[in-house]
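Visitor: Each chain, letter by letter, is given below.
2 protein chains.
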Amino acid sequence: MAKSEKWIYYFSEGNTKMREILGGKGADLAEMTRIGVPVPPGFTITTKACAFFSANKKWPKKLEGQLKANIARLEKDMNKKLGDAINPLLVSVRSGAAVSMPGMMDTVLNLGMNDETVLGQVRKTGNERFAWDAYRRFLQMFGNVVMGVEHKYFEEALENAKHTKGVKYDTELDAKDLQRIVAVYKDIIRKHAGKEFPQDAKEQLKLSINAVFGSWNNQRAITYRELNHIKGLLGTAVNIQAMVFGNMGDDSGTGVCFSRNPSNGENAFYGEWLFNAQGEDVVAGIRTPLPMSELKKKMPKQYAELNAIRLKLEKHFKDMQDMEFTIQQGKLYMLQTRRGKRTAHAAVRIAVDMVKEKLIDEKTAILRVEPSQLDQLLHKTLDTVAKKKARLLITGLPASPGAAVGTVVFNAEKAVELGEKGESVILVRTETSPEDIKGMNYAKGILTARGGMTSHAAVVARGMGKCCVAGAGEVVVNEHEKKFCVKDAEVREGDWITLDGSTGEVFVGKIPTVEPALSGDFAVLMKLADKYRRLGVRTNADTPRDSEVAVKFGAEGIGLCRTEHMFFEGDRIKAVREMILADDLEGRKKALAKLLPMQRSDFIGIFTVMKHRPVIIRTLDPPLHEFLPKEEKDVEELAHETGMSVERIRQKTEELHEFNPMLGHRGCRLGIIFPEITEMQARAIFEAAAEVKKKGIPVKPEVMIPLVGIVKELELQKEIVEKVAAEVMKEKKVKIDYMIGTMIEVPRAAITADEIAKTAEFFSFGTNDLTQMGLGLSRDDAGKFLPAYVKLGIYNKDPFQAIDQEGAGQLMKICVEKGRRVNKKLKIGICGEHGGEPSSVEFCHRIGLDYVSCSPYRVPIARLAAAQAAVKEK
Amino acid sequence: MAKSEKWIYYFSEGNTKMREILGGKGADLAEMTRIGVPVPPGFTITTKACAFFSANKKWPKKLEGQLKANIARLEKDMNKKLGDAINPLLVSVRSGAAVSMPGMMDTVLNLGMNDETVLGQVRKTGNERFAWDAYRRFLQMFGNVVMGVEHKYFEEALENAKHTKGVKYDTELDAKDLQRIVAVYKDIIRKHAGKEFPQDAKEQLKLSINAVFGSWNNQRAITYRELNHIKGLLGTAVNIQAMVFGNMGDDSGTGVCFSRNPSNGENAFYGEWLFNAQGEDVVAGIRTPLPMSELKKKMPKQYAELNAIRLKLEKHFKDMQDMEFTIQQGKLYMLQTRRGKRTAHAAVRIAVDMVKEKLIDEKTAILRVEPSQLDQLLHKTLDTVAKKKARLLITGLPASPGAAVGTVVFNAEKAVELGEKGESVILVRTETSPEDIKGMNYAKGILTARGGMTSHAAVVARGMGKCCVAGAGEVVVNEHEKKFCVKDAEVREGDWITLDGSTGEVFVGKIPTVEPALSGDFAVLMKLADKYRRLGVRTNADTPRDSEVAVKFGAEGIGLCRTEHMFFEGDRIKAVREMILADDLEGRKKALAKLLPMQRSDFIGIFTVMKHRPVIIRTLDPPLHEFLPKEEKDVEELAHETGMSVERIRQKTEELHEFNPMLGHRGCRLGIIFPEITEMQARAIFEAAAEVKKKGIPVKPEVMIPLVGIVKELELQKEIVEKVAAEVMKEKKVKIDYMIGTMIEVPRAAITADEIAKTAEFFSFGTNDLTQMGLGLSRDDAGKFLPAYVKLGIYNKDPFQAIDQEGAGQLMKICVEKGRRVNKKLKIGICGEHGGEPSSVEFCHRIGLDYVSCSPYRVPIARLAAAQAAVKEK
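Residue numbers (our numbering), protein chains in the order written: chain A, 1 to 874; chain B, 1 to 874.
Derived from the structure by calculation, the hints contain no laboratory data. Mixed in with the good hints, there may be bad ones.
A pair counts as met if it fits within one copy or between any two copies, since identical chains are not told apart.
Think about it this way: if two alpha-carbon atoms lie no more than 30 Å apart in a straight line, the pair counts; the simulated DSSO-like pairs of lysine-lysine are [said to hold, decoys possible]:
hint, residue 1, residue 2
1, K483, K652
2, K552, K421
3, K356, K590
4, K791, K712
5, K813, K712
6, K791, K758
7, K797, K652
8, K652, K630
9, K186, K694
10, K630, K784
11, K813, K758
12, K652, K872
13, K791, K589
14, K797, K813
Start from the sequences and build out the full structure, keeping to the hints where you can.
Guide: Written out as structure tokens, the structure is:
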């Protein structure tokens, strides 16, 4: 660090761009000062000073001198002196990092109070109670924050005082009471901190600065940064500012306000304030704050000034502002302004309105809404008032957003049975398996005890756009007795529960829900997004119903249609099992012949919904053992149906068992060993396409071969598909435009993309598997260490949620470059779970993919994320 | 193809370098002609003509004309005419590809014979029987090869004739008999081929050429090429050559000979021949051939000429030659010369001798021995004579070479019990698990019913240098009844069996064995190899005994010491299980404290053997559940020992269960979640090093962190190791030179090597896992499709046996480049199974690794392969 390092900036020396070294609060205080908004004078110690202190446990050399000079300047500006018995200057010492970490670090107010200055303050203000109260508050904060004395000791003393006097509120204590409390507080500090409260104001200041520096690395702050993926910051800045008081009588007050309504986005002045109060009183909730309209009535001049400042700040920062103000004896001061937090509804409305008002341009509007927030708008939500009153049973993982209300059932059959009658049911399982899919389809929501955000239940539910709470660990399901328990609570089949899939909450009973609204501002924003995005957005959908939902959400095609999900329904699973259990080709062909018309009708349904839009259909992917029954009774039933012995079925299941099924006999390896499966699937696709095309719909099937690792696999499968396509087109006398491509999910495929692209017409990244293989992480098993890994900072984010850009992402980059080098027309997309995650969408944009594909309910998120990526690029 | 394409080369127009278009046989016939060796005249139709024919099902335009011209030239040289009734020319039509495919394709001899020329032949030779016999032979060959009539019909007719006449041998049939057979043969052809035998010699020739062309793609030839990885050839050439006859009386004969002894390599003329016989008679084995010494006695002039030719050819081709000759009425003709096949013993001796004789230089000698052949020399072998007489029970996979003789036992405990008494036992298991290791150690050999070349049994056995036959599918083990069955045969505990781990054969009873000889020529060759190789060669060894063997075989260090193998012995497994089952850190630490002295003593043993040589020790790698017992009785025993309930142990095992353990909680992920394990292991390593160093041995421990995927993992583990190293060095007051590095086995590690190399001092490729993850192939499960994959040509070779150079290999290349770019001093090696496989060793050389590491018994193979790679490069 240079010797001439400037460690402190007086507010008038900074500006809003200096957030990195002044922190957000400091930079905005400086900016307000710069543009003439009334801010109590003060200065900011830089984040670099904090970094130096953290590393060296002492101040940088020049800091002391610079602090002295800035205090002198502040004393001059305020015409008061720190620690002066006659005309004491009081200051606040506040933290403020470059990224907002609300409430995580420490603050000291009223610094400068001591046994002498309190008397000066009494003389100066003529308000004895105010002065002693300020001293009392300072002692409490300083004692706690700087001297490490627990809050409870101070609270107890205060309570005692009120008790003794027989009053309820602090405000009922008079100056004498407070003076006594000050003495008690000093004793408390002496006793619990083991040393005397420092009377010297300069000493108080230095200790407070150190405390704020130190609070950067308190456990709470570290955890907050971890949870919010805040990295790479130097430390916190420290803002030292002249105190102003909203509690100096009825011409004083304090409040927080927003330049627009943060809840619904309406362009109206919104806020709360209190007469004769300190900022903390507003937050504490002891007195009920008043709306802004009351300020307008009571203090019209100050209101007008504040409203003008509100408009000025919004215009200046071009965004909705969250402001703090204090009126001290009629004079208005702004203590803070920052970008206002807002709900998804508000975010969309404010962005759209501000474009209309020409305050921001379209590109800025696109950047103003967090894509992941949109989720809130796409699903049913619980009525917020009713929710507050409901009984929370447990909180699991928010696995698939939305709200669901229904009676509890414990197996898929029951879900189907009641669901078919039109009843609303919630399927509760320890964990789900592919055999539950039909039941999940009929349920309004799913609750599981085990499994993470990428468990079977979670993935399938998101695909269906169905509310799901997964991994609610304390839920103990007793399917046999038809009940589940959470500690002492017991919920029986038929009882009503309500799920909030966006928060993971599970409630007892029914809570009213609110339907999503996709028109209006939302539609305007989506249109804007479509205008700017370069990436196409497709959907992962396996049924006509999913396809319809996705098209409504703006999907431009299907990026992944998983044929295996169709295999689980009704009679199909029987034919599938018959095929698997067959001893020879003939037996398999017989079973496949039964599946052909079923698959064909599925595809007819999907093609009819999707019309001219391209539809990628993936050939069979999962290992065959996934289709065989595990439970004794299911095996017996299968034995009964097929006439095979239970023994034989067990033996076949045993034969198919795999140590690492993820890397086993699945994907195109099935179609290579059993070409007749690929043949049947290709026939179903092309016969369906032919039929739909004859109705005048210009179908565009794209056949995708999964798990290709080496080009020869694709060549062999392509040969079969092409042969069948030619046969069907000849038989049906229809020409069908189609493409054949491959998933890129095996690392080898990515690094030999230049070979594979010679044979493939398109690539689609299966980033789930690419992550599993590329990182050597089994999604199902990583729960034992991945959370710790994210906590230790080994991975920034769970690589199954956001693409690991340096790892899996690098494989993708290599793949895109190599693939395009040999095949300029190669279409490249992504159909892994990451396709709907904003940072991953941005990455896909940056590496030049043609489209992303995600579950229907994530399509709008992907559209917005894609637009943001395009806007950021320019 | 150019219009002026030369489709045919007269022998005098070609040379030995034209193998690609003339085939091996054609090129060498041309070469012999060129250097003046007496060869019957002829010409070669190129492999390009065959390729054209295969693709177009017709001859290239100019071929017919060129054939005519060359036949004319041949007729002129021989002063005979094809199909001429007075002076007929007979020719042979033989296949011959660029790479030898012995017996795989077709041959036609005596072409030109018909009803007229047979009479001309009678007149010309005055030997009626010879002429009709030649016709008879031609009909049989032509009928079979060209006209597709099955052999058996001709054989039956011949047998009938002998039966009718009451004789045993063909030679007892006279001219009249043969004339009758000729008539019968023509009938057979008419009947079974559906058409007449063509009398026109030109027609015969064209049809024969097509038949030879066609034989390139017969199933037998295709399979042979697949099995021998022969790729990229155009087709077979066709050699048309004037016939010479060794069966024209007592001044005629025929034989095959080698320029040196192909069995032991001795520099002596070696061969077999027959008086008055055709070449096929030598091979057929009806008459017993005579040694060369007999030729010397019977035909001294011809012997002398042949011997001179032998010496000339060996000098010319600078390699041991395998030759065919015919003496026709006193005149010697050479029909073929080619590189002679030889045993490993012979290969080594011939290479070393030829250097001494200054026939070849050292580099050539290095290239003359196939590295994988050396295996034969490093292990006990079965006495070849006794082996031929023994009863073969079954053939499994040759999983680990060598020979083993012992009595059968069915579990590890019994193997230990008898092994400790000094008895020779063979451990027979359905498949082995880590719990069998101690028993395997005591057994002379291992036989398993399940599992491939990379199964647990195979890998461990190779590591131990112990004979193993794996995956003998028909073996059904009944451990309970202490027997195993192979179809009807039953082998009981205590019965003797013999294994040949180099061939996979299992014999009933005892067969004498022959000890390997590692001195003499072998030692000379190894010294040569060391002189030329650039790659270092280390070994994978987990025990002092393995280390000793490896050093004897020339290992320059340990490339991989797997600490987990040490965990299975005796009391250790108890402490390991105690650690795994512990509920908290304290419990784990208690158990680890018990393991510390055991691990330390292991390392002391290894360091003491390895002395100054570097020793890489890998920290714990396998998932913890591998250490827990699976069998009911073992669980009960563990419960008894630990005082834990069976229930609790089951529950813990259940908790540790993984869906895809290969990608689960293993490798450095263990050390990161349980840092105390790494700490204990580091302490054991450094305390051992300190103790050994104090004895004056300059130990060089290198600590290797497994399964790193992201640099932060390595950083965290390195921190622990460095801390412990510093502590131990301080405690023991010894300075220890050590390095810390990582395995590269996760694809992500390979592609982010530039990050990882900043922290790692060395890399070691774990190519087993890198192949599994990079190719998405589970080694344990690939058996269901990988054999078919190799057969379909999807992968050239099993990627677990030879590095998949385009896939896993490309990841290695990227890794080496990126790693070295940021860390010039980075040492890079390989410690996967591939480290001892010749083509993989060559690949490692080419991409610039510093060393390979392989199991002790593969060290000499790696040394030679490394030398070959270096020599080839120059």
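Visitor: Okay, which hints does this one fail, numbers in order?
Guide: 3, 9, 12
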